[in-house]
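Those sequence lines, one after another, are chains A and B.
For the first sequence, the working numbering gives the first residue as 2, with consecutive numbering after it.
For the second sequence, the working numbering gives the first residue as 7, with consecutive numbering after it.
Honestly, the hints are just simulated from the structure, not real lab data.
Incorrect hints may appear among the rest.
Said to hold, decoys possible - Here are the simulated PhoX-like cross-link-like pairs (lysine-lysine), alpha carbons at most 25 Å apart as the crow flies:
| id | chain 1 | residue 1 | chain 2 | residue 2 |
| --- | --- | --- | --- | --- |
| 1 | B | K208 | A | K535 |
| 2 | B | K208 | A | K573 |
| 3 | A | K535 | B | K255 |
| 4 | B | K109 | B | K79 |
| 5 | B | K85 | B | K116 |
| 6 | A | K535 | A | K572 |
| 7 | A | K572 | B | K208 |
| 8 | A | K281 | A | K250 |
| 9 | A | K326 | A | K248 |
| 10 | A | K165 | A | K250 |
| 11 | B | K78 | B | K18 |
Quantities reported herein were computed from a predicted structural model and do not represent experimental measurements.
Here are the chains, one letter per residue:
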Amino acid sequence: MSQNRINILPEDVANKIAAGEVVERPASVVKELVENAIDAGSTKILVDVEVGGRKRIRVTDNGSGMSPQDAVNAFKRHATSKLRSADDLNHIVTLGFRGEALPSIASVAKVELQTRTDGAPSGTRLRIEGGSLLEHEPCGCPVGTQLDVERLFFNTPARYKFLKTTTTEMRHITAHVTRQAIAHPEISFRLTHDDRNIFDYAKATDSLARLRDVFGSETAEQLIMVKNEQYGIRLWGFVGNQNATRKNKDYQYLYINQRYIRNPVITRALYDGYGSALVKGRHPVAVLFMEIDPEWVDVNVHPTKEEVRFSDGQTIYRVVYHAVKNAFQIATESIPEHLPGFFEIENKDQESGVRKQGLGVRDQEAGVREQGSSSQKLWQFPNQPRHYRPSRQHVDAAISAYREPTVDFGENTPPPADDLDRLSPTAPPTPHFRVLGQLHRCYILAEFQNGLWLVDQHVAHERILYDEAMAAQRGQTFPSQRLLFPITLNLSAEEYQRYQEVQPILQNLGFQITPTDGRTVHVEGIPTSIRRWKDGQALRDLLDASDEDPPPVLDDAEWVINQYSCKNAIKKGDPLNPTEMEILLKRLFATENPYTCQHHRPIILEITLTELDRKFGRNT
Amino acid sequence: MNIQISQENLQKGIQTVQNVVSSKTALPILSNVLLEAVEGKLIFKATDLDISISTSVPAIVFEEGSITLPAKKFAEIIKELPAISVSLEVEQTQDHYGWVTLKSERGMFKIMGIRKDEFPNFPEVSPENQITLSAHMLKRMIQKTIYAVSSDDTRPALGGLLFEVLPDSVTTVATDGRRLSQYSATVSTSIANELQVIVPPKALHHLSHLLGSDDLMVEITFDENYIVFQLDETTIFSRLIEGPFPDYKQVIPADNDKLIVVNRHDFAASLRRVSILASQQTRQIKLALSPNLVEISVNTPEIGEAKEEIPAEYTGEPMEIGYNASFLLDVVRNMDSERIQLQFGEPDGAGIFVPLDTEEHETYMALCMPLRLLS
Chain A
2 MSQNRINILP
12 EDVANKIAAG
22 EVVERPASVV
32 KELVENAIDA
42 GSTKILVDVE
52 VGGRKRIRVT
62 DNGSGMSPQD
72 AVNAFKRHAT
82 SKLRSADDLN
92 HIVTLGFRGE
102 ALPSIASVAK
112 VELQTRTDGA
122 PSGTRLRIEG
132 GSLLEHEPCG
142 CPVGTQLDVE
152 RLFFNTPARY
162 KFLKTTTTEM
172 RHITAHVTRQ
182 AIAHPEISFR
192 LTHDDRNIFD
202 YAKATDSLAR
212 LRDVFGSETA
222 EQLIMVKNEQ
232 YGIRLWGFVG
242 NQNATRKNKD
252 YQYLYINQRY
262 IRNPVITRAL
272 YDGYGSALVK
282 GRHPVAVLFM
292 EIDPEWVDVN
302 VHPTKEEVRF
312 SDGQTIYRVV
322 YHAVKNAFQI
332 ATESIPEHLP
342 GFFEIENKDQ
352 ESGVRKQGLG
362 VRDQEAGVRE
372 QGSSSQKLWQ
382 FPNQPRHYRP
392 SRQHVDAAIS
402 AYREPTVDFG
412 ENTPPPADDL
422 DRLSPTAPPT
432 PHFRVLGQLH
442 RCYILAEFQN
452 GLWLVDQHVA
462 HERILYDEAM
472 AAQRGQTFPS
482 QRLLFPITLN
492 LSAEEYQRYQ
502 EVQPILQNLG
512 FQITPTDGRT
522 VHVEGIPTSI
532 RRWKDGQALR
542 DLLDASDEDP
552 PPVLDDAEWV
562 INQYSCKNAI
572 KKGDPLNPTE
582 MEILLKRLFA
592 TENPYTCQHH
602 RPIILEITLT
612 ELDRKFGRNT
Chain B
7 MNIQISQENL
17 QKGIQTVQNV
27 VSSKTALPIL
37 SNVLLEAVEG
47 KLIFKATDLD
57 ISISTSVPAI
67 VFEEGSITLP
77 AKKFAEIIKE
87 LPAISVSLEV
97 EQTQDHYGWV
107 TLKSERGMFK
117 IMGIRKDEFP
127 NFPEVSPENQ
137 ITLSAHMLKR
147 MIQKTIYAVS
157 SDDTRPALGG
167 LLFEVLPDSV
177 TTVATDGRRL
187 SQYSATVSTS
197 IANELQVIVP
207 PKALHHLSHL
217 LGSDDLMVEI
227 TFDENYIVFQ
237 LDETTIFSRL
247 IEGPFPDYKQ
257 VIPADNDKLI
267 VVNRHDFAAS
277 LRRVSILASQ
287 QTRQIKLALS
297 PNLVEISVNT
307 PEIGEAKEEI
317 PAEYTGEPME
327 IGYNASFLLD
337 VVRNMDSERI
347 QLQFGEPDGA
357 GIFVPLDTEE
367 HETYMALCMP
377 LRLLS
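Bound-form chain A, shown alone:
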C-alpha cells in the first residue's frame, strides 16, 4: 500500500476541473470560440446553436486558421499562441490568453475542428471526444476555422443536469455574441438557433451603425456621443439621453481594450456622470470603450475574464465620469443646432455658439440622428485584417479628425467670465405657467399648457441652489451679503481641514471668511441664498459633511455643494406665498435640468389634461 497520498492528476481530470471553471454553460463555449475567432482576425463569424447549445455549438470563422501541428497543440492545456511568458501577462491585448479554453471544452464534449491557413494546400480535421484525440487527418475546407462542439457535458452528468432551460441558455449565448458584435462592427456576426436566425449583423462602417442594428434605430437615435482622453486613458462610446433609460442594466456594455468587462467603478462613474439626468430606479443605456495601458488592468481575476481590476480605480472613475458628464452638458446646453462638425468631418460652417432652445432632449436626438445621414462618419473601421491589437489607430484617427466644436470637451476648464455673459441672452425661455397654490406645504401646484404640475418645493429649490453653486465652481462668483453681526467660529481639526480644501468654493458662493489664529475663522459675509444662517451653524453643517460618509466618487467640491444646496433649500413644511412660488418656479426653469434633482429624484410631476380626462372617463 502506498504511503503517498498526494497524486498528480491525470491530464484529462485536470482538464475537466478546469472546464468546471471555464465552461460553465453553453454560453461559455460560445464566448471562448468567438473570442478565438476574433483573435484570429476574422471578418465573418457564424455561430450556429442547436437546442440551447446542448446538442451543438458551431462557430465558423474566416480568420487565419491553424497549421496541422498548431491544431493539435491548441487542445493541449495552457497551449496558447497569445502568450509566451509570465511577463506577457502584464500587457494582454488579445481576448483569450490562458490556453485553457479549447482543452477544457474538448474534455467535456465531442469536438470536431476543421481549419486551414491561407496558402496551405489543404486543411486539417481533428475529432476529439472527452479529451481524447480520435482522428487527425487532412481535409478540404475553406480558410479559417470551424469548431463543432457536440453534446456538451456528455461525460459530466452533474454539470449537464444543472443546465437551465433552452430559452435561458440561449439568452446567455445571445448576450455573449451581442457583446462581441458591439465591440467589433468590422466583423459580420450571424447567430442562429435551430436553423433560425437570431440576428445577422452585416459588417458595419462604424459603431453607431452596429448599435443601430443591435439596439434598433429608435434607441440608436437617442444616443449621445461620449469621449475623453485623460491620464493616458482613451474613452469613447455612446450613452443614451434622458429618454433612453431602462429598467435594468441590460443595455450597458463596457469594454476595456475591446474586452467586454464588468466593473463597479466604471458603472458608478457612469451613473454619477448622468447625475441628475437619471431618474432613480432607471438605468442608462451605455456603450463605453476604453483603451488603457494593459499594465493598468488585471483581467486575470477570473477565468471568464469579465471581471477586471484596476491599479488606479480613481483615475478610471474620473475619466469616465467627466466624459459622460461633459457629453451631457454639451448635449443639453450647446450643441449647435444641426450638429455640423460634430460628426461630420468635412463641414466647414459650424454654427458656433448656437444654443439650443427649450428644455429637453429633442434637439439632442435630432443631433444624433444627423449623424446617421452624414456622409463621412467619425468612427470608421478600415477593412484591414486585424490581428491582436485592437483599434487604437482608428480611435486616434477619429479623435484627431474631430475638430473641437464650440465647447471644451476635455478637462473641466472654467470658461472665462465674459463668456458666461455672452451666453446669457439665449437662455431657454421659461414655459408659461400659473401657480395655483401650495399643497400641504410641500408641493407647489401650477397650471401649464397641457395640464398640471406638482413641484416638490424642497428639491426644486435644491436644484436651483445646486446649479448656482456649480456655476460658482465654474468661476461665476456671487456677491456676499455682509453680516451685521460677524461671527467667529472655532473649527475642529477636521472642519478646518475641510474648510481649507473647499475655501475657494465657499468664497465663490459668497462666503467671506478670514482665518484668524489656529483653527479660528471670522465670517463677515454669507451667500445671499442662505436662509437660515443659524449664527454660523449653517457653515459648520457644511464643513461637518465630512463626518457623514461621502460617496467616494464625489470630490470634496461636489460634496460640499450637495450639502450646501440640500441644507439651504426650502424644506417640506415651509409655507410659501404665491409670489415666492412663482419666483421659485421661474428660477427652477432657468436651471439646467428642472425635471430631476442631482440625487435622481424627480422635481416635477406632470399630469396632463388627457390623463385627467381619461381618469374622469371624459371622452375627448
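Chain B: place on chain A using the hints.
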C-alpha cells in the same frame, strides 16, 4: 347666563378677539371664544396660548354666567343678524357642554357650546412696570421697525421686536442680521432701570389692527414673561421671546462720513424701476455716489442691465456700494420723510438711512449691510 345685547356690540366684541382664535389647533377649546356675562357687560376672551385677548361690551345682564362657543360660526351668525337687540341664554347640560340660544326678533339659533372649565386661564401680570403711549406713537414704533424682524426661526431672539424702555425714551429695534431698524420716541416713563423685552410680531400685528384712533392712550405693562397692552376695553397679552437681543448698538457705525441727501420719492421710484432687472436670487443693485449725483444701476447676466441717476446733495469722494434692492425698498417704503440722508463709510460697512423730516420727539433710522460687489 341670560343677557340682552345689541347686534352692534356683539359684532364689535367678536370682531376684536376673533383674529386671535386659531383655525387649526390641537385643542378644540382654543377655536372657541369665551363669553362671560358680569355686571352690565359681556366679556369676550380668545387665546392661542401665545397671545390672549379680551374685550368687553355693554349688555343687560339678567343672569351672570359663562360659556364658550365656536368662534367662527358664532361670528358668522352675528355678522348676518340685523342691527337689533338679541338675547343670549345658556342652558347648562350635565356634561361639559351647554346650549346657547340666541333669539332675535324673528329668529332663533341654538348653538352647542363648551363650558368654561376647559378654557385656559389668562396670565396674571404684576402691574409694576407700566408705561403709557399714544396709539399714534405706538403705531409708528411698530410699523416702522417690524419689517426688519427676522423670519429665521433658528434664531428666536431676532424673531421679535425689541422694546427698550428708559426713563426718558421708548425704543423699538428689529434686525435679521443683515439689516436693522430703530425707532425712538422721547417720552418720560416711570421706568427707573433700562428694560428690554422682545415681542413676537404676531401680537403686534393684532395690536396694530386695534389701534384705531390716534388719540387713544395705550397702557403697556412689562412683566417677566408677558407684555400686556391695554387700550380702552381691550387687553392683549403676549408671551415674550426669550433674549438676549444682540448688542445692536455696537454694530451701528458712528463714523460714516459720506453723507448724501436725496429726495425719497425720486430714490424710491428709481429703485423700483431699476430693481425690476435685478437677479431673483441676489436682488443685487449698485449705488454709485459722485458729486451731487447718485447712480442706481443693475447688471444681471441673463436678465439685463439698467441705470438711473438721481440728483443728490453730496460733496464727498466717489464710491460704489452694492445692495439687495428689496432691503432698500423696504427702507424707503417705511419712511414718510420728503428727504432722506444716506450715510456711508466703507463699501463693505453698514449703510445708514435717516429720514430728515421727522415728527417731534422721534428719531428713526434704518441700517443695511451691503452686498459685496463682484470685482
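Now for the hints, and whether the structure bears them out:
1. K208(B) x K535(A): Measuring from Cα to Cα gives roughly 22 Å; hence the hint holds.
2. K208(B) x K573(A): It holds: about 23 Å lies between the C-alpha atoms, which stays within 25 Å.
3. K535(A) x K255(B): Roughly 21 Å between the alpha carbons, so the hint for K535(A) and K255(B) holds.
4. K109(B) x K79(B): Roughly 16 Å separates the two Cα atoms, so the pair holds.
5. K85(B) x K116(B): Distance ~16 Å between K85(B) and K116(B) Cα, so the pair holds.
6. K535(A) x K572(A): holds (15 Å)
7. K572(A) x K208(B): holds (22 Å)
8. K281(A) x K250(A): holds (13 Å)
9. K326(A) x K248(A): holds (21 Å)
10. K165(A) x K250(A): Cα-Cα ~22 Å, so holds.
11. K78(B) x K18(B): holds (14 Å)
Checked against the numbered hints above, the structure breaks none of them.
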